[in-house]
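*Asks:* Okay, here's what each chain looks like letter by letter:
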Amino acid sequence: MSLLNVQGMTKTFGGLTAVNDVTFQVPERSIISVIGPNGAGKTTFFNLITGIYTPDRGSIDLGGRNLLGLRPDQVVDAGISRTFQNIRLFPSMTAEENIMLGRGVRLKSGFWDAVLRSGRFKHDEQEARDTARIMLDFVGLSKWRNELATNLPYGDQRKLEIARALATTPRLVLLDEPAAGMNPRETEDLKALIRRIRDDLGVTVVLIEHDMRLVMTLSENITVLNYGSKLSEGRPHEVRNDPAVMEAYLGRGAAAGEYGKEAGPNV
Amino acid sequence: MSDPLTAPRPAATGGAPLLELRDLHTYYGQIHALKGLNMTVNPGEIVALIGGNGAGKTTTLRTVSGMMKPKTGSVTYQGQNVSGVPAYTIMQRGMSHVPEGRRIFPQLTVRENLEVGAYTVRDRKVIAERIEEGFSLFPRLRERENQLGGTMSGGEQQMLAIARALMVAPTLLLLDEPSMGLSPLFVEAIFDIVERLNRERGTTILLVEQNASMALGIAHRAYVLQTGEIRLSGAAADIAADESVRKAYLGDE
Amino acid sequence: MDLQTFGTVLLQVLVGGLSLGVLYAIIALGYTMVYGVLQLINFAHSEVFIAGGIVGYLVFEAVQTSPMNGYLKLLLACVAAMVASGLLNVLIERLAYRPLRGAQRLVPLITAIGVSLILQDLLRFLVGLRGQFDLSVPLPQGFSNPITSLLGINISLLNLQVKDLILIGVAAVMLIGLNLLVNRTQLGRAIRAVAHDRQTSGLMGIDANRIISLTFLIGGALGGLGGVMFAMKYQALNAYSGTLPGIKAFTAAVLGGIGSIPGAVLGGLVLGWLETLLGVISLFSSVPGLHWLGAIKAEYKDLGAFLALILILFLKPAGLLGRSAAEKV
Amino acid sequence: ATTVKIATISPLSGGSSNLGLQIKNGAQLAVNEMKAEFAKAGMTLSLVAYDDQADPATGTAAARRVVADRSVLGVVGTLNSGVAIPASAVLAPSHVTMVSPANTNEKVTDRGLANMNRVCARDDAQGPAGGDFVVNTLKAKKVYVLNDKTPYGQGLADQAEKAMKAKGVTVVQSEGVAAEDRDFTALITKIQTLRPDAIYFGGLYGQVGPFAKQLRDKGITTPIVGGDGYDSDDLTKLAGSGANNIYFTTVAPPLDAVPSAKALATNFQKTFKSDMQGFGLMGYDSAKVVLQGILNAYKAAGNKVPTRTQVERAVRTGTFNLVTGQVKFDKNGDRQTAKMYVIAIKNGARSTAGTVNVVRQ
Amino acid sequence: MTTLPANKPFRRGPQGADRTWPLLGYAAVTAALLIFLRGSVADGPARLLQPVLFGAFLLSLLFAYQWRAAPWAKTAVFALGIVFVLPFMGRDNTSYFDLVIQMLIFGALALGLNIVVGLAGLLDLGYIAFFAVGAYLWGVFGSPQFAEVSGNAAFATGIDANFFWLFIPLGVLAAALVGVLIGLPVLKLKGDYLAIVTLGLGEVIRIFANNLDVTNGPQGIDAIESAPVPWLNSLAGSLGFAEDQYRLFFLYLLVLVVIGIVILVNYRLDRSKIGRSWIAIREDEVAAQAMGVPLLRTKLLAFASGASFAGAMGVIFAAKQSFIDPKSFDYFQSIGVLSMVILGGMGNIAGVLLGAVVVTMLNLMILPTISEVLQGSFPNINPNLDPSKYQRLIFGLVLVLMMLYRPEGLLPSARRQAEMHQGDDPPPDSLEADNALQSGTAEVLSPGFSTRGENERTGSER
Ligand SMILES: Nc1ncnc2c1ncn2[C@@H]1O[C@H](COP(=O)(O)OP(=O)(O)OP(=O)(O)O)[C@@H](O)[C@H]1O
Ligand SMILES: Nc1ncnc2c1ncn2[C@@H]1O[C@H](COP(=O)(O)OP(=O)(O)OP(=O)(O)O)[C@@H](O)[C@H]1O
Ligand SMILES: CC(C)C[C@H](N)C(=O)O
Ligand SMILES: [Mg+2]
Ligand SMILES: [Mg+2]
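In order, the protein sequences belong to chains X, G, Y, R and B.
Just so you know, we're using this note's numbering here: the first sequence kicks off at 1278 and counts up by one.
Just so you know, we're using this note's numbering here: the second sequence kicks off at 29 and counts up by one.
Just so you know, we're using this note's numbering here: the third sequence kicks off at 17 and counts up by one.
Just so you know, we're using this note's numbering here: the fourth sequence kicks off at 10 and counts up by one.
Just so you know, we're using this note's numbering here: the fifth sequence kicks off at 37 and counts up by one.
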């Protein structure tokens, strides 16, 4: 039974078809990767799922609920949250506040609760704060709790974005190039973190990545996009050995079967 | 079509280093990002600068290109002290910088981005030629000539940023993580281009990369930066062979 | 009202709105230029523009009795006003905006308002030195003459004066020239690059400060020209009379799509026509079925500008010819 | 000695400052003149001048400052009825007497405030006088009526319109134009289309001047008629080449109509280096009423510095002999007998075309 | 890396040594000077000292807020200042009353605008329209104008003045409603488009007020009533207030209560999920929405809350002025309130209030006093040099100089300060200079000169 079901999704910009009739399924509690050449439409695909763009055609449903036509905030409410290819934290908020903001969608209290400081309001604030603490611990950023988000090192900002996304208690989280700008060491830590998101929190993960070491060792299934269309799909070793994928995306390195085991310098 | 990278080599600057950083201290407010950095880049070299997140690689490049002013220390470029000189004057002297985060002009089309990149070039013919060169390096840019820079995909923007920096046929090219966000196929292509620029045109290159193994693969020399200080320097091959480097930056267990 | 009058009035609205519209457009471009490069609503532009008008007045007055050709007088006034307003604008940028480059966006907005207030009183002082508050502008001989025929066609019913034609002609030349400058030259691209990312433009070898100064110079000069045109059109001005046209011109810029030169022109024309039409629309109340138009008296003419603005932006959030920021997620 | 002040509230800056200054300077002359007399009574007299910028909100703010300054016993002002109406309301609870040299709108006194008085005639006399002139002298059948949307301009135009209609004139259009507006393009188009025989414009010289200029510039010679708002030397300056065929009624006397004003005018010129005009004289007389009122109250109070309430009563009930004639107020503060003048402007030169006496029962 | 103190990251709490006694001493001295010198500065050039003394006294209230001192001492300074010193000065010289009430009215307006601009980052240049809604609401009903409107002479002084109490909440409602109505169509606009449209809407409301019969056009409405409170009047009488001061005495107390509520609401909203959402949309709309913040609803809430403060104060303003006209609500007033917010310190409640106090004092006390004194000293001055004519110039200079020397405002919000001081004195062309510029408000603008007529929307398509 798949959690996310995307059927025949299409989006064009002017004359350009960025996403072309893509059908995509994500089983519950899985880690799925979307890869493909630059400009293949991966980010656009995420934007379509999260309601940032409206598809020209196609349907999206999450656990049986139709998401088509929902605004981004409603999509979050329905259980999908995400990170961005270019980090988008709230720079003047602390790490903790960033996460508390993310928690907001699950809090019940409203305007009058805030003005009157009702019991519900106090309960909610406590809940948000607790969530922030738990999530910071989870991604290993506790020491930055009261630091402004902009002041965090790049890699930690990426993790904070993940923590913020998780604070919405999603069923599915979409990560757009989480390892970009990380060195191989840091990428290893990230890999462990993503596994824990699935194993400890039970959240399904879909990620876009160009780092094949991460993709090949982490994902259960890989979807390859090229010029907006699905080029290939399957388990990592299947995709890795698909000649079409090699040609369009992986290049010689992959053809030699080297990905997943980085080639040393000057070898 | 003729290979864009076989243009004539610019004259070498002689024996003196092209770029020399002396005891550089750079701050972000209270944050001491560079703590006494020393470094040289000789004409015709590819020098790799590697280090973990927040080590100060980007800050080093920013200080070199005049985007930031060092608190103390000096940056000597082509024999002249340029620390504190605004970026635009330094850039007018044959330096080019591909900044972190690409910094495309989102409101300008792809072609206009390239034209702005050639701001210091006066000759319209030369500009047209170089745009052609850029297009043949990255055919995707030609396809999207009139698309707004801001709507290009992450990787496409990276291509544009590199092409834009090449518009002035730089003597010294600063590259900040050029492979970030590029597909594996393109990562190889980029390193290939960098190598050929250096080999065939003699462009000197200061390269910052997370993909340390590949960077060390094409570099002549390398520096390892850690919390604002140089920890290690030497021939790229030696650095690549260094046990601690392999562990810390190359991901070897 | 008979059909002929009806047609005549409409024609007059068309032509009158045109000359008002291009005046708004010239002023609007001063706003647009500065807004384009700094994202700053230069509230002082209304004074920069009226300063040009005052300089123009001084020139007209000084040469009033000279036997010089009228067009030469006008040229003199325009050049003097453009230089004065251009330099004034550059000076303002140096003193009041440049030191605030690193500050939040609203901070320069407040200084712009402050500068606008300072200039109002300084200009009033200047005018007051002549013992006056309102100025009555003496025009060269012949500028007010009606134009009865153009290219052999009798156009006396259009009610045009020589000065209207001058205004429209000058505006056309300026607008086309500016459009070429901004869109076809490296300077134009540099302005747009600086506008979006000052720092990265430095990496392209662009001296952002110089570009900004240049933009203020051009914007100010356009303001000065607008001021002379304003003085010529109404023959009346005072130190405070820039405010309302200023707001309307900026509205025109936004309406057309801020940042777009053709947009500013289109926006100006829309406002000019709308305003002129609303001003006379009660005349049409005698047309059967339109008697309710009688309630829309001339005092509502300014309403049109703002209602149009709201309506158009509701339909096209980036203005008629604008395009909103392309920011990819 | 006790400090005693009177205040003027009038526009000292902006488009009607020419007249506002006349009022202030006229009052200043009166104060200068009577300083000695006050000193003898143990009072140091001075004048505070407030600038209302012809703006009601600024004027009421000034009135509030007047109220707060307990040494101010009376106010001379304002120029604009629109300012006088709210400002006098602010002064009323504190019983600060106010004598207006220029406010002609009926509402100024019709509210029955105890502190508000005026030494000039009212618009319900002035409007009909203008209307008479349009009908009888200009023989107009079709009139275009315009007002500047201030209480004064609108009130006067309404009065004139009513009077003209009563005499069978067709009002082809009656509308307003914001007082700051100098763009008359649309109005001129209308006038060209409607072809009235005369234009009645209830407004002030600062706006009427450019209007006349733009109108004449388009070759339209239709007579322009208005009220005391035209009564400034600046009108002809601003109208420039358009200063022709303009007529107005006014409540301030032309100086040559008041022989006794000659010495005063000389004094004015010497003190302020500018010519005295009719409203300068009215300002002087208004100040005289206030000052004389204070002295009367002083005596009535047994040679003690009077309270505001006492001054208020003394002004309302006193009889004052002034340059412009005798002043006595009725129960609402209107002058019982006032004079009006009709002025014509031809080719930039003004001349008196007639006078009207106004008597209130 | 700078780490802010744990737990209360953004309370720039009172720092340094305990200053209980210096506070009490300062407050006592300034209050005493103000009270005992009042007679000697009542006239002549000495009047220039009035603003100095008064300002020095008001500073003690600021210090009581800022300094580290015993809570009882702070309370005492506030209480004595508000209950004793200010009314005392008001009784002696009504203009102090007038000034203080106006300060508080503008304070509430500035706080309302602060929500819209400072927290939610929506530049509203027509904010004064909401104030106008409240003012005209009561103005029309609570004055002789009602007789005209209703055509019923029985209302010659308006409806029963006791309705004033009802009209305060009505003002809140009406303004909030107008806020929502105006907000719905325009809040999807970005950045300065919103600014200009709100400016336009403000003008539209003003033009209507200027031309409609209900509002009595440009003549405005005068003789506006205020609620009769006989017991308070007799209290005021027994405290030695003059009869013409009763109304101000009442309004002073009323306005204190209202601003208290406004501050409380503002504070609580700021520190809540809603406050966080506002900041989030200010900094990055796309990310905020992608984190579950409903954009339109959150913006409308900001607009309506900000508007409602203005509505309540509008009703009170009308009663206090007893006269309103369209000019009191032109766009310049909106800008005045905006300058209070920015001058004081956008985003910070105390800062915004300080901004309102400073600007109001400048406009209503310092500038008029200066020009009156100068004019008294040179009665026959050339009218062109008349100092009273240079109020705009002086006000403009103050704005410019303050911004040049303290661009973050007099009392910057800790959050914004942290933002601005990350890169202390950045080099002229540095990244920091730009970052601060861009992160100040998060809207994405459309700079540059477009060559093509494309109309692609950003971020979310809805
Ligand atoms: N708003 C837009 N307007 C026009 N074209 C767009 C827009 N957004 C995306 N595109 C184009 O659609 C294509 C798909 O872009 P997308 O960002 O989804 O690619 P991607 O697969 O994420 O690439 P990358 O790996 O480089 O990030 C690209 O060619 C891009 O230029
Ligand atoms: N804009 C900034 N404001 C404040 N501190 C900054 C800023 N940019 C960088 N820093 C700090 O300066 C130090 C050096 O950062 P720099 O960006 O040079 O590192 P880097 O080596 O390029 O790292 P990365 O691999 O993440 O790009 C880090 O501690 C970082 O947190
Ligand atoms: C002098 C006049 C312009 C004043 C006018 N009578 C008024 O009441 O406003
Ligand atoms: Mg992408
Ligand atoms: Mg970096």
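Derived by calculation from the structure, the hints in this document are not laboratory data.
Every residue gets a Cβ at the ideal spot worked out from N, C-alpha and C, and that includes glycine.
Be aware that one or more of the hints could be misleading.
[Unchecked claim] Only pairs whose alpha carbons sit at most 27 Å apart, straight line, appear in this in silico DSSO-like list of lysine-lysine:
hint	chain 1	residue 1	chain 2	residue 2
1	G	LYS275	X	LYS1420
2	Y	LYS313	R	LYS151
3	R	LYS150	Y	LYS313
4	B	LYS224	Y	LYS313
5	B	LYS226	Y	LYS332
6	R	LYS151	R	LYS176
7	R	LYS148	R	LYS282
8	B	LYS363	R	LYS116
9	Y	LYS313	R	LYS176
10	Y	LYS332	B	LYS224
11	Y	LYS313	R	LYS227
12	X	LYS1385	B	LYS363
[To be verified] Computed footprint of chain B on chain X, listed as stretches where at least three residues anywhere in the stretch have a Cβ under 8 Å from a Cβ of chain B:
hint	segment
13	1355 to 1363
14	1374 to 1380
*Asks:* With reference to the structure, classify each hint as holding or not holding.
*Replies:* Here is how each hint holds up against the structure:
Between the alpha carbons of LYS275 of chain G and LYS1420 of chain X the distance comes to roughly 25 Å, so the proposed pair stays at or under 27 Å and holds. With a C-alpha separation of about 18 Å, the suggested pairing of LYS313 of chain Y with LYS151 of chain R holds against the 27 Å cut-off. With a C-alpha separation of about 22 Å, the suggested pairing of LYS150 of chain R with LYS313 of chain Y holds against the 27 Å cut-off. With a C-alpha separation of about 33 Å, the suggested pair LYS224 of chain B and LYS313 of chain Y falls outside the 27 Å cut-off, and the hint is violated.
Restraint check for LYS226 of chain B and LYS332 of chain Y: the C-alpha separation of about 12 Å stays at or below 27 Å, so the hint holds. Of the pairs offered as hints, the one joining LYS151 of chain R and LYS176 of chain R holds, with about 12 Å between alpha carbons and a cut-off of 27 Å not exceeded. A C-alpha spacing of about 42 Å is found between LYS148 of chain R and LYS282 of chain R, which places the hinted pair above 27 Å, so the restraint is violated. A hinted pair counts as satisfied when its Cα atoms are at most 27 Å apart, and LYS363 of chain B with LYS116 of chain R qualifies at roughly 20 Å.
Distance check on the hinted pair: LYS313 of chain Y and LYS176 of chain R sit about 25 Å apart at the alpha-carbon level, within 27 Å; holds. Among the hinted pairs, LYS332 of chain Y with LYS224 of chain B is consistent with the structure: their alpha-carbon atoms are about 11 Å apart, no more than 27 Å. Pair hint LYS313 of chain Y plus LYS227 of chain R holds up; C-alpha atoms about 22 Å apart against a cutoff of 27 Å. For a cut-off of 27 Å, the pair hint linking LYS1385 of chain X to LYS363 of chain B is broken: about 44 Å separates their Cα positions.
Three residues within the 8 Å Cβ limit are the bar, and the segment 1355 to 1363 of chain X against chain B gives 3, so the coverage statement holds. Figure legend: the segment 1374 to 1380 of chain X, annotated as covered by chain B; annotation consistent (4 residues with Cβ-Cβ distances under 8 Å, at least 3 required).
When the structure is compared with the earlier hints, violations turn up for hints 4, 7, 12 and for no others.
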